[in-house]
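Could you build the full structure based on these sequences and the hints that come with them?
2 protein chains.
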Amino acid sequence: MFLSKLDSLANAIKLVKDNQKFTEVEEVPISEAHKRVLAEDIMAFHDSPPFDKSSMDGYAVIAENTFGASQSAPKKFKIIDAIGAGDFSSKIVNSNEAIIIATGAPIPDGANAVLMKEYTTSDEDDLTIYSQVTPGENISPKSEDIEKGQKVLCKNTFIRYQEMGLIASAGYDTVKVFKKPRVKIIITGNELVEPTKEEIDKAKIINSNQFTTKAMVEDSGAIAEITHAGDTFGEVREAILEASLEFDVIITTGGTAISKGDVVLDALADLGEILFHGVAVRPGKPVGAGIVNGKMIFTLSGQPVASMSQFDMVVRKYLFEMQGRPFEFHLQKRVSELKVPSQLGRTDFIRAVADDECAKHVLNRGSGIIRSMVEANSYIIIDENDEGYQKDDIVDVVFFDSLLW
Amino acid sequence: MFLSKLDSLANAIKLVKDNQKFTEVEEVPISEAHKRVLAEDIMAFHDSPPFDKSSMDGYAVIAENTFGASQSAPKKFKIIDAIGAGDFSSKIVNSNEAIIIATGAPIPDGANAVLMKEYTTSDEDDLTIYSQVTPGENISPKSEDIEKGQKVLCKNTFIRYQEMGLIASAGYDTVKVFKKPRVKIIITGNELVEPTKEEIDKAKIINSNQFTTKAMVEDSGAIAEITHAGDTFGEVREAILEASLEFDVIITTGGTAISKGDVVLDALADLGEILFHGVAVRPGKPVGAGIVNGKMIFTLSGQPVASMSQFDMVVRKYLFEMQGRPFEFHLQKRVSELKVPSQLGRTDFIRAVADDECAKHVLNRGSGIIRSMVEANSYIIIDENDEGYQKDDIVDVVFFDSLLW
Numbered sequence: 001m002f003l004s005k006l007d008s009l010a011n012a013i014k015l016v017k018d019n020q021k022f023t024e025v026e027e028v029p030i031s032e033a034h035k036r037v038l039a040e041d042i043m044a045f046h047d048s049p050p051f052d053k054s055s056m057d058g059y060a061v062i063a064e065n066t067f068g069a070s071q072s073a074p075k076k077f078k079i080i081d082a083i084g085a086g087d088f089s090s091k092i093v094n095s096n097e098a099i100i101i102a103t104g105a106p107i108p109d110g111a112n113a114v115l116m117k118e119y120t121t122s123d124e125d126d127l128t129i130y131s132q133v134t135p136g137e138n139i140s141p142k143s144e145d146i147e148k149g150q151k152v153l154c155k156n157t158f159i160r161y162q163e164m165g166l167i168a169s170a171g172y173d174t175v176k177v178f179k180k181p182r183v184k185i186i187i188t189g190n191e192l193v194e195p196t197k198e199e200i201d202k203a204k205i206i207n208s209n210q211f212t213t214k215a216m217v218e219d220s221g222a223i224a225e226i227t228h229a230g231d232t233f234g235e236v237r238e239a240i241l242e243a244s245l246e247f248d249v250i251i252t253t254g255g256t257a258i259s260k261g262d263v264v265l266d267a268l269a270d271l272g273e274i275l276f277h278g279v280a281v282r283p284g285k286p287v288g289a290g291i292v293n294g295k296m297i298f299t300l301s302g303q304p305v306a307s308m309s310q311f312d313m314v315v316r317k318y319l320f321e322m323q324g325r326p327f328e329f330h331l332q333k334r335v336s337e338l339k340v341p342s343q344l345g346r347t348d349f350i351r352a353v354a355d356d357e358c359a360k361h362v363l364n365r366g367s368g369i370i371r372s373m374v375e376a377n378s379y380i381i382i383d384e385n386d387e388g389y390q391k392d393d394i395v396d397v398v399f400f401d402s403l404l405w
Numbered sequence: 001m002f003l004s005k006l007d008s009l010a011n012a013i014k015l016v017k018d019n020q021k022f023t024e025v026e027e028v029p030i031s032e033a034h035k036r037v038l039a040e041d042i043m044a045f046h047d048s049p050p051f052d053k054s055s056m057d058g059y060a061v062i063a064e065n066t067f068g069a070s071q072s073a074p075k076k077f078k079i080i081d082a083i084g085a086g087d088f089s090s091k092i093v094n095s096n097e098a099i100i101i102a103t104g105a106p107i108p109d110g111a112n113a114v115l116m117k118e119y120t121t122s123d124e125d126d127l128t129i130y131s132q133v134t135p136g137e138n139i140s141p142k143s144e145d146i147e148k149g150q151k152v153l154c155k156n157t158f159i160r161y162q163e164m165g166l167i168a169s170a171g172y173d174t175v176k177v178f179k180k181p182r183v184k185i186i187i188t189g190n191e192l193v194e195p196t197k198e199e200i201d202k203a204k205i206i207n208s209n210q211f212t213t214k215a216m217v218e219d220s221g222a223i224a225e226i227t228h229a230g231d232t233f234g235e236v237r238e239a240i241l242e243a244s245l246e247f248d249v250i251i252t253t254g255g256t257a258i259s260k261g262d263v264v265l266d267a268l269a270d271l272g273e274i275l276f277h278g279v280a281v282r283p284g285k286p287v288g289a290g291i292v293n294g295k296m297i298f299t300l301s302g303q304p305v306a307s308m309s310q311f312d313m314v315v316r317k318y319l320f321e322m323q324g325r326p327f328e329f330h331l332q333k334r335v336s337e338l339k340v341p342s343q344l345g346r347t348d349f350i351r352a353v354a355d356d357e358c359a360k361h362v363l364n365r366g367s368g369i370i371r372s373m374v375e376a377n378s379y380i381i382i383d384e385n386d387e388g389y390q391k392d393d394i395v396d397v398v399f400f401d402s403l404l405w
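Going line by line, the protein sequences match chains A and B.
So the first sequence is residues 1 to 405, counted in full-length UniProt numbering.
So the second sequence is residues 1 to 405, counted in full-length UniProt numbering.
Treat the hints as calculated values from the structure; they're not laboratory data.
Being a predicted model, the structure only gives us computed values, none of them experimental.
A hint or two may mislead.
It does not matter which identical chain is meant; a pair holds if it fits inside one copy or across any two.
Stated by the list, open to error - Cross-link-like lysine-lysine pairs, in silico, DSBU-like; alpha carbons within 35 Å at most:
1) 17 with 151
2) 179 with 117
3) 142 with 391
4) 142 with 35
5) 391 with 91
6) 5 with 295
7) 197 with 151
Below, the structure written as structure tokens:
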């Protein structure tokens, strides 16, 4: 198939977006919710803390009784009870009385401050204090973090470690999240063999795409399974059909055969609908996408670098958003240390090494040079309306790290 | 234990560094190497590609024979063979001969270019070409990515998806990586209960630290297991002792009890050596670390925010470097949108919301306010030698995302 009419990248992205599907919702134990996406609002079932809580080990007292106390003018108190963490006292603190209190324990009635143990001495029930406290001192007030009934997190929030704490504090032992998409990766290419240190048969090439593609799928929050298919229309068609019945998304890599054009695209056209094939980008022009049995299928190149860039251009966003997580490139402005040529009408994803100020593209960047992706930490992205940049121009950079789940 | 003599954060970090241990090396299948750290140099066992490879579907020809061919001046060739991907031809291409070739197939002897199929027509063995090619066109030369014998990755490289491809291409079906540290998290606090939507007993508080701490350990490339211990010296001592025999690292959270000081520190002092306890930082002053049976133990606060910040200050680096992965805060310069007060001699980790230009600290930031960590995406870090900043001053910011494995 000759790619004479290329879609713009913007149009390809729009076609994918118009066919965006979402995974179902599942309920998981809170312990398994890390790095998932909320499929429900989190409403607090409790105040947090649930009571006025001591934030120090010390003595619960009436602050006003301590006023004026100092090393040279100590004051005397009577100890009437002790509260450990997890316990409470049924006694009421009256004037010049104190209750021993542990960090995390509830402030007893009558008291309004906690005096740190370090500013006191005691002899059985007799307490001598050498410092004063203000009302509220060393107390974490009830509901200072969360108020019961309050919405503390919205649906579609990505659950980092911080959110784990908030969801637990709100009272959730299970939480509704979007399921991870299951992705079938179909590797084509009769020339491909598994990695080996032994000599490789003539005309064979090690299959590295299976590892990079699976890792990229996992870096998009999804679950990947790999299948290999021979380079015939029948085998590829069968693999796609089977995958479309069992998986949420299909990704193919490679798929060329003599005198038959691209068998992957032929099989896709036979089974379903091609959304686009051929995009005005570099690297990665032959990228395609389609729908089979209602499932999105992305057809990536066999060239390792092309397939990685194609994944970043169109697949990542689909996998993120399938799980309710918005995805946009976080473009940052950098000074280009080199001249960057491009071509009007084509979007370039140029592998680069960038720091906090500058970006410098990797020089050796054929679409088969995996080393160029290894040396790089970012893309310089050149819009289709730009013809490239001069040295010292400001360019748009997206860091690889910012693309990860 | 009264923290009258606080260590500086720099000194605490140095004490941890001086006691840095490393995990052992294990050999894993390449399929499991993603996001691990290389424990060996990767030397290429093969050239990649292993031969001059066609990068297009088309015809292998002698480029010079095509010179001058155009739509109006086509040239005639004889087709003498066909090479699919994974196959090779034993024929030699002579003048005005062509061999059909698939993407990924080896260029046959005699040929020095591939003419894309789209610029030809054919009738059985007769080929007509309408375009010319230059020598080397549409050929990926042997070893353009990797040369056999070359060192392609160094020990201690973090294996991203790109490195997966390079390691496979170099011929490795297994790879030596550093083992993931096994971390025992000991949660203390008699007041703690599991998350529940039901009413909670008086004086009890939901245990959120277990979830945040486990997630942070996992975000540091390590494996976490949680134990709960009661707030007594004996129970905590037993839990630490047991963990020190089975795990690589121990983390405790909380651990306060009436009139006994901090039982965790007492147990640690009894079993081993305290490296430091009490650091001039905010939040998180009571953080400590020590050694028991040769294993590093970190004692974090029970206050959720304090424990998260303490983890970022001293634990993350230890867990990263244990696996051979260097860890430093990636400080970025931002304009502070607010005045940021601090105190000479204390390092502040102030939760903030930052973008590409500015940073604004979260206002409500008591050490129990998990919401403040949820609202934030970064810390403003104020060095112990600074007294704080005015509005519009340049401050150092570290993004939470940059701290993750």
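Results of checking the hints against the structure:
Proximity of residue 17 and residue 151 under a CA criterion of 35 Å is satisfied intra-copy only: 30 Å inside one chain copy versus 42 Å between copies. Taking identical chains as interchangeable, the C-alpha atoms of residue 179 and residue 117 are never at most 35 Å apart, the minima being 50 Å within one chain and 44 Å between chains. For the homomeric pair residue 142 and residue 391, the shortest alpha-carbon distance between copies (32 Å) is at most 35 Å, but the shortest distance inside one copy (59 Å) is not. Proximity of residue 142 and residue 35 under a CA criterion of 35 Å is satisfied intra-copy only: 30 Å inside one chain copy versus 42 Å between copies.
Proximity of residue 391 to residue 91 under the C-alpha cut-off of 35 Å is found in neither arrangement, the shortest distances being 76 Å within a copy and 48 Å between copies. Taking identical chains as interchangeable, the C-alpha atoms of residue 5 and residue 295 lie at most 35 Å apart only when both belong to the same chain, with a minimum of 25 Å there against 63 Å between chains. In this assembly of identical chains, the alpha carbons of residue 197 and residue 151 lie at most 35 Å apart only when taken from different copies (14 Å versus 57 Å within one copy).
Hint compliance for this structure: hints 2, 5 are not met, and every other hint is.
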